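Chains as they are written, first to last, in my numbering: chain A, 1 to 149; chain B, 150 to 567.
Not everything, but these chain B residues come out facing chain A in the computed CB check (under 10 Å):
id, residue
1, Pro-505
2, Asp-507
3, His-523
4, Ile-535
5, Ala-537
6, Ile-565
Label pairs and their in silico Cβ distance ranges:
id, chain 1, residue 1, chain 2, residue 2, range
7, B, Asp-309, A, Ser-54, 41 to 47 Å
8, B, His-181, A, Asp-104, 26 to 32 Å
9, A, Gly-109, B, Arg-549, 46 to 52 Å
10, B, Val-289, A, His-140, 27 to 33 Å
11, A, His-140, B, Arg-549, 51 to 57 Å
FYI, nobody ran anything at the bench for these hints, they're computed from the structure.
All of these numbers come straight from a predicted model, not from anything done at the bench.
Just so you know, even glycine gets a beta-carbon here, dropped at the ideal spot from N, CA and C.
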Amino acid sequence: MDLKELYKDVIVDHNRSPRNFRKIPDATRIQEGFNPLCGDKLTVYLKLDGERISDLSFEGSGCAISVASASLMSERLKGKTVMEAQQLFDKMHALLTREDADSDLESLGKLAVLSGVREYPSRVKCATLCWHTLKNILEHPGNPPVSTE
Amino acid sequence: MNARHDRNPLLMPDFDAPRWRRDFPILQQQIHGKPLVYLDNAATSQKPQAVIDAVADYYEKLNSNVHRGVHQLSELATVAYEGAREKLRRFINAATLKEIIFVRGATEAINLVAQSYGRSRFQSGDEIILSEMEHHSNIVPWQLLREQMGAVLKIVPITDAGELEPGAYEKLFSSRTRLVALAHISNALGSINPVKKMIAHAHRHGVPVLLDGAQAVPHLPVDVRDLDCDFYAFSGHKMFGPTGIGVLYAKEALLAEMPPYQGGGDMIRTVRFTGSTWNELPHKFEAGTPDIAGTIGLGAAVDYLGSIGMLAIRNYEQALLEYGTQRLQAVKNLKLVGTARHKAGVLSFVMEGIHPHDIGTIVDREGVAIRTGHHCAMPVMEHFRIPATARASLAFYNTRDDIDALVQALEKVREIFR
Ligand SMILES: Cc1ncc(COP(=O)(O)O)c(C=O)c1O
Numbered sequence: 001m002d003l004k005e006l007y008k009d010v011i012v013d014h015n016r017s018p019r020n021f022r023k024i025p026d027a028t029r030i031q032e033g034f035n036p037l038c039g040d041k042l043t044v045y046l047k048l049d050g051e052r053i054s055d056l057s058f059e060g061s062g063c064a065i066s067v068a069s070a071s072l073m074s075e076r077l078k079g080k081t082v083m084e085a086q087q088l089f090d091k092m093h094a095l096l097t098r099e100d101a102d103s104d105l106e107s108l109g110k111l112a113v114l115s116g117v118r119e120y121p122s123r124v125k126c127a128t129l130c131w132h133t134l135k136n137i138l139e140h141p142g143n144p145p146v147s148t149e
Numbered sequence: 150m151n152a153r154h155d156r157n158p159l160l161m162p163d164f165d166a167p168r169w170r171r172d173f174p175i176l177q178q179q180i181h182g183k184p185l186v187y188l189d190n191a192a193t194s195q196k197p198q199a200v201i202d203a204v205a206d207y208y209e210k211l212n213s214n215v216h217r218g219v220h221q222l223s224e225l226a227t228v229a230y231e232g233a234r235e236k237l238r239r240f241i242n243a244a245t246l247k248e249i250i251f252v253r254g255a256t257e258a259i260n261l262v263a264q265s266y267g268r269s270r271f272q273s274g275d276e277i278i279l280s281e282m283e284h285h286s287n288i289v290p291w292q293l294l295r296e297q298m299g300a301v302l303k304i305v306p307i308t309d310a311g312e313l314e315p316g317a318y319e320k321l322f323s324s325r326t327r328l329v330a331l332a333h334i335s336n337a338l339g340s341i342n343p344v345k346k347m348i349a350h351a352h353r354h355g356v357p358v359l360l361d362g363a364q365a366v367p368h369l370p371v372d373v374r375d376l377d378c379d380f381y382a383f384s385g386h387k388m389f390g391p392t393g394i395g396v397l398y399a400k401e402a403l404l405a406e407m408p409p410y411q412g413g414g415d416m417i418r419t420v421r422f423t424g425s426t427w428n429e430l431p432h433k434f435e436a437g438t439p440d441i442a443g444t445i446g447l448g449a450a451v452d453y454l455g456s457i458g459m460l461a462i463r464n465y466e467q468a469l470l471e472y473g474t475q476r477l478q479a480v481k482n483l484k485l486v487g488t489a490r491h492k493a494g495v496l497s498f499v500m501e502g503i504h505p506h507d508i509g510t511i512v513d514r515e516g517v518a519i520r521t522g523h524h525c526a527m528p529v530m531e532h533f534r535i536p537a538t539a540r541a542s543l544a545f546y547n548t549r550d551d552i553d554a555l556v557q558a559l560e561k562v563r564e565i566f567r
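Same shape as in the complex, but just chain A (with noise of 0.2 Å):
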């Protein structure tokens, strides 16, 4: 496979310049998250406004992949609902963990770019590190940081 199939554009270009990379003074929520394997780092910020995502922000420092995903993520999510991030939550899970997840690719419109990560298991981590974390600050406010391993 081709590297390209990896760090396709709209990946690089969300790693030179991450959408929403940056604090939410009065969040509602803020999650760490951490990967031990390879020291990606990030915080996640979430404020709802009731069930409704009206701000989603990420800081931290990672590989192209984490900075990527989380940019893309951040971008979908603001204006969703709770239940529409859980929702998307488990379309990308697959999409980076199971083989034939193809069939929803339109769905995920921007986010399909990631779907390459999966050919390449040491970096499928990277990918899954802001999903994992949104997910616990939406099931669990409070808890300690995320580490993937």
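Since the structure of chain A is already known, use the hints to place chain B with the ligand on it.
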């Protein structure tokens, strides 16, 4: 600019690396359709045919338990196993066979010293001197001891070149200092520490020294009596031997006083429910059936290294390191992490705006195997305020072509992240 870099890197010492490389079957293969360029030797080294054959031979012709049977195979296996001990003794110039304890690796060797020597001798408030460049395996066993008995850890800081801060070590000694535990060579930075001088200093305070030699034994001649270290720990798998086997060297006088680390078969003389007595050295510290095949394989690795010569290996790797340093320094936006004056063949680096993990994946597709991450030395990463580095680490079977392949692969990295 220090003198090493003024020399012409193209003048390699007379050393036939390609010839030695042919002894390593794994290095003949292709990865992602490209010839394998193996530059992850600090993580683990490859095994020559001689080691693979020794292990296979043992299972085909000798397999049986050691120190137990009177039957022919058991006697032959015991002779082979103890023969390996003699090879290791000679290789590091230990005074007697009693001083060579076979363990799983450097990690177990250090844990043995912490739990046997440390636990039986230290008291709450006693101090252990470590350095900021230690591998986790020379940090965590002492932290366990801190939890168990209140030992205090004192840390020698490092400079931005990756050397121990001048003068800092000497200042850490106090009347409570009980042990120095120090990397001979740093796996993350390549720095070679001035251990002989440091040992002499510790001894003037009556303090014994443990050296973590995991990265030294495969790359330069080690003479434990010349160093006068009290403990020396190393792993077989990093010195072209099998995984799962390593050595703790310790001075006989210390071992004689130390309680056993693990209990079981082989390490006892008599067992009664009222109490047991211990076997003599070195067996007192080798409970249970050992890794017989691994030990014999390690003996074969030592024979193999002996046929090349550790001095020749060191000189060749120094020249290759100089070449690699110059080539990498010429890569745009690349910064070497660890630029000590005395260095072994470790090239840790970061590239501006590109995470080491991405570097690792991309060069892998070019057939180049390097390590990325914190290299089990998180305090070193913290010192340089980086989450990780990419690290190319050399062995005597590497050539300038391997360095060139790495540099070319790094161009690919730059292309993708342009
Ligand atoms: C300097 C150093 N010490 C200790 C170790 C631990 O060796 P092992 O995992 O073989 O026990 C390593 C291995 O990476 C090392 O590089």
